[in-house]
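All residue numbers for the sequence shown refer to my numbering, where the first residue is 23 and numbers rise by one.
It is possible that part of the hints are untrue.
Claimed, not checked - Straight line, CA to CA, 30 Å or less: simulated DSSO-like cross-link-like pairs of lysine-lysine:
hint, residue 1, residue 2
1, Lys36, Lys24
2, Lys36, Lys109
3, Lys82, Lys47
Read the hints as simulated data drawn from the structure, not as lab findings.
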Amino acid sequence: MKPVFIEFTDSEGKMTKRYSTCSLKTGMMDNIFDIAEKAEDYEAGKMDVKQAKEFFRELKAIIVAVFHGQFTYDELNEGAEHEEIVKVFTSLCGVLSGELAKN
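Can you make the complete structure from the sequences, with help from the hints?
Written out as structure tokens, the structure reads:
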């Protein structure tokens with residue numbers, strides 16, 4: 023798998039930490055597929071605030087798991103910008119698409 027990176031920034035937008043992962047276990051793929059379905063609803067504006075909040079909680083939990091606990095959920099909340107979370111999720115979906123295309 024190509025590496026996926028996530029960058030944490032300070033209050034001025036300067037990168038403070040960068041993490042990478044090169045391993046995506048099969049069981050995690052199911053979780054990513056599930057959250058991808060919810061992402062479609064989010065992007066289409068089909069979620070209320072409560073559903074969107076739950077969607078982002080699940081997304082962040084998956085990101086922590088995919089990065090094998092290199093940082094905690096709270097550290098992710100404090101260190102990563104919203105755009106970075108979305109970028110990482112898009113990268114993970116790209117990895118899955120690539121893996122499916124190989125088969």
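Hints and how they fare:
1. Lys36 - Lys24: holds, 25 Å
2. Lys36 - Lys109: Since the Cα atoms of Lys36 and Lys109 sit roughly 17 Å apart, the hinted pair holds (cutoff 30 Å).
3. Lys82 - Lys47: holds, 17 Å
Hint check: no violations occur; every hint is consistent with the structure.
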